[in-house]
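Visitor: Could you put the whole structure together from the sequences, leaning on the hints where they help?
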Amino acid sequence: MGIKKLAPYIINKLKAGEVVERPSSVVKELIENSLDAGANDIILEISNGGKSFIKVEDNGFGISQEDLELSIQSYATSKIKSDEDLLDISSFGFRGEALSTISEVSKFTIQTKSTNDTVANQLIKIDKNISIKQIAFDKEHGTKVLVQDLFFNVPARQKFLKTETTEYNYILDIFLNFVIQNYDKKFRLIKNGKIIKNFNKVNDCLTRLLQVYKESWKNNIKILENEFNKISIFGVASDSTLTFSSPSNIKIFVNNRPVQDKIIKKAILDFYKRQISPGQFPLAIIFLQIDGSLVDVNVHPRKQEVKFQDPNSIFNLITQTLSSCFSSEKVSSASLNYQKDYQNNFVNKSYNSGFNNNFYKSGFAEPKSNYGSSFNFPEQTNIYSKSNFDGVQNNSIINNNFQEFQVIGQIWNSFIILQGENELYFVDQHALAERIAFEKMKKDMTENNLEPEIILNPISIQVPKNINTDQKIEQLNNLGFDISMIGEDSIAIYSVPKIFIKYNIDLEKVIDKIIYSENISLDSIFDEIFATKACKTSIKAGDKLSIPEMVNLINDGYKNIDKMFVCQHGRPSIVNISKENIEKLFDR
0 MGIKKLAPYI
10 INKLKAGEVV
20 ERPSSVVKEL
30 IENSLDAGAN
40 DIILEISNGG
50 KSFIKVEDNG
60 FGISQEDLEL
70 SIQSYATSKI
80 KSDEDLLDIS
90 SFGFRGEALS
100 TISEVSKFTI
110 QTKSTNDTVA
120 NQLIKIDKNI
130 SIKQIAFDKE
140 HGTKVLVQDL
150 FFNVPARQKF
160 LKTETTEYNY
170 ILDIFLNFVI
180 QNYDKKFRLI
190 KNGKIIKNFN
200 KVNDCLTRLL
210 QVYKESWKNN
220 IKILENEFNK
230 ISIFGVASDS
240 TLTFSSPSNI
250 KIFVNNRPVQ
260 DKIIKKAILD
270 FYKRQISPGQ
280 FPLAIIFLQI
290 DGSLVDVNVH
300 PRKQEVKFQD
310 PNSIFNLITQ
320 TLSSCFSSEK
330 VSSASLNYQK
340 DYQNNFVNKS
350 YNSGFNNNFY
360 KSGFAEPKSN
370 YGSSFNFPEQ
380 TNIYSKSNFD
390 GVQNNSIINN
400 NFQEFQVIGQ
410 IWNSFIILQG
420 ENELYFVDQH
430 ALAERIAFEK
440 MKKDMTENNL
450 EPEIILNPIS
460 IQVPKNINTD
470 QKIEQLNNLG
480 FDISMIGEDS
490 IAIYSVPKIF
500 IKYNIDLEKV
510 IDKIIYSENI
520 SLDSIFDEIF
530 ATKACKTSIK
540 AGDKLSIPEM
550 VNLINDGYKN
560 IDKMFVCQHG
570 RPSIVNISKE
580 NIEKLFDR
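Numbering (numbering that gives the first Met the number 0) for the sequence shown: 0 to 587.
Keep in mind that the hints are not guaranteed to be accurate.
What the hints assert, rightly or not - Below 25 angstroms or equal to it, Euclidean Cα-Cα: the simulated BS3-like pairs (lysine-lysine) are: (1) K464 - K221; (2) K512 - K497; (3) K200 - K138; (4) K442 - K501; (5) K213 - K138; (6) K512 - K501.
Stated by the list, open to error - Derived DEER-like restraints, expressed as beta-carbon distance ranges: (7) L449 - K127: 35 to 43 angstroms; (8) N311 - D126: 28 to 36 angstroms; (9) N311 - S483: 29 to 37 angstroms; (10) N255 - E450: 49 to 57 angstroms; (11) L455 - P277: 35 to 43 angstroms; (12) L449 - I125: 23 to 31 angstroms; (13) N255 - I453: 47 to 55 angstroms; (14) G291 - S73: 20 to 28 angstroms.
No lab work stands behind these hints: they were computed from the structure. None of the values given here were measured: they were computed from a predicted structure. The C-beta atom is built at its ideal place from N, Cα and C for all residues, glycine as well.
Guide: So this is what it looks like as structure tokens:
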């Protein structure tokens with residue numbers, strides 16, 4: 000077979016996959032076009048997760064009659080006039096290129112009236128057939144783009160689309176990115192004929208963020224602001240008390256464009272690494288404005304990634320900005336490489352390394368043991384606080400059926416030292432105690448404790464607008480809750496599994512966590528709840544323990560934990576050093 004050049008319409012269908020991956024890709028391109036057209040009132044309407052119907056309506060300056068047909072031609076654009084413009088694109092993209100690819104894989108309609116036209120025009124394209132006519136229009140100027148039956152002529156791509164709920168979630172995420180970024184514009188989202196989200200324009204970004212998320216989070220977030228050379232940063236970040244089980248609340252915008260940037264995300268996560276539990280993520284909304292010559296926005300077909308000329312400077316600037324903002328709260332002790340260069344630009348110039356001057360003060364707990372006597376441990380031991388051992392004889396020997404350990408003592412009132420046959424063990428008393436408490440609470444998740452219990456006074460909770468609330472409520476109700484919507488952004492809780500009542504769990508905080516979880520199950524919910532409660536109620540670092548209390552803690556660990564080498568946060572609770580390595584320290 001010989002080589003043949005493909006027909007233009009086939010080439011266009013193949014190229015469409017670079018821009019149009021799924022319904023959310025269409026939404027992104029159309030809203031970007033509306034913003035580039037100067038619109039300040041944008042309505043997005045979808046049905047069936049955008050698979051069967053997408054409409055974006057705006058009040059922008061519209062498309063003129065003579066440009067209408069050209070707008071769906073390949074490589075036609077109003078945004079680039081020379082090759083120099085490719086190096087500094089301040090608009091979102093290429094109107095013609097986006098419309099061209101979308102129109103190749105859908106039943107496509109544009110209704111528009113430009114500021115210079117006296118009448119409106121409509122273009123309809125289905126496959127290779129195009130028709131244009133004048134129409135009545137209900138706006139002074141603006142554009143409506145309708146995309147129906149996406150991929151109707153490319154069935155191979157259509158079958159890769161997900162469920163309506165999944166596709167809607169992709170759309171919602173992109174829609175809210177635009178809402179957050181463009182606080183001075185009005186946005187509405189209509190889903191299956193019902194207004195789901197409605198955001199009026201506001202005066203500042205923080206007000207918009209609290210609209211999208213929750214007003215009650217205001218006290219848990221701080222404003223970030225910094226500027227250096229040709230780079231400026233604005234945004235918000237949460238303190239260590241407001242965290243989530245997925246990174247979905249980390250949003251990065253570079254020159255008004257939402258991107259997935261590994262450099263900035265790493266700087267954020269590195270900053271929080273030692274401040275929040277493993278598997279938890281902060282809220283961080285970062286807006287980075289940078290000179291166009293210092294960043295390449297064309298490294299990704301859909302412009303979801305950027306490439307910085309000096310990524311190390313960006314990393315350090317993000318770290319510096321976060322460190323400065325939270326320095327008074329000792330949220331991080333991240334190293335500062337650019338302190339002198341940036342110190343005059345920080346909102347908060349103070350910095351605290353977080354080191355404690357008492358760190359190197361040490362000492363063994365005073366032994367209270369009688370090394371020769373026997374010691375029998377009670378069957379049930381309360382390890383949430385130091386136990387009362389009145390009348391119990393002391394013994395420092397622990398036998399776990401594998402080897403015998405002797406409790407040597409306690410250092411810094413935080414670590415228990417055990418001597419084995421050929422090793423020395425250091426036990427973090429708090430890490431071990433909270434893991435024991437965690438395991439005991441997990442065992443309490445019996446069938447009886449998971450039965451629904453009615454709340455006499457139903458609890459009303461405000462929920463953020465950036466989630467698919469209906470889906471989350473359905474998932475929770477399947478787990479034994481009774482929850483209903485009572486407004487656009489509020490829910491009412493009528494009953495919960497009994498275990499929530501037993502442990503006096505703060506339902507509002509739990510719901511905040513749950514609705515951002517990708518996978519909702521009782522295990523995942525209670526793992527986090529129990530981890531937090533175990534941490535708060537267990538023996539702490541700094542608690543002075545007697546030898547019997549140390550022995551009891553170790554034995555309780557062997558009894559309740561299959562693998563007692565880490566706490567429930569994933570941090571080690573026991574480390575060891577061999578006799579051989581100790582001897583090497585002394586050149587023996």
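Visitor: Against each hint, give a clear statement of whether it holds in the structure.
Guide: Comparing the hints with the structure gives:
1. K464 - K221: Given that 25 angstroms is the threshold and the Cα spacing comes to 20 angstroms, the pair holds.
2. K512 - K497: holds, 19 angstroms
3. K200 - K138: holds, 20 angstroms
4. K442 - K501: holds, 14 angstroms
5. K213 - K138: Since the Cα atoms of K213 and K138 sit roughly 34 angstroms apart, the hinted pair is violated (cutoff 25 angstroms).
6. K512 - K501: holds, 19 angstroms
7. L449 - K127: 35 to 43 angstroms: violated, 60 angstroms
8. N311 - D126: 28 to 36 angstroms: Since the Cβ atoms of N311 and D126 sit about 50 angstroms apart, the hinted range of 28 to 36 angstroms is violated.
9. N311 - S483: 29 to 37 angstroms: violated, 51 angstroms
10. N255 - E450: 49 to 57 angstroms: holds, 51 angstroms
11. L455 - P277: 35 to 43 angstroms: holds, 38 angstroms
12. L449 - I125: 23 to 31 angstroms: At 54 angstroms between Cβs, range violated.
13. N255 - I453: 47 to 55 angstroms: At 49 angstroms between Cβs, range holds.
14. G291 - S73: 20 to 28 angstroms: Check passed, 25 angstroms falls within 20 to 28 angstroms.
Against the hints set out earlier in the document, violations occur for numbers 5, 7, 8, 9 and 12.
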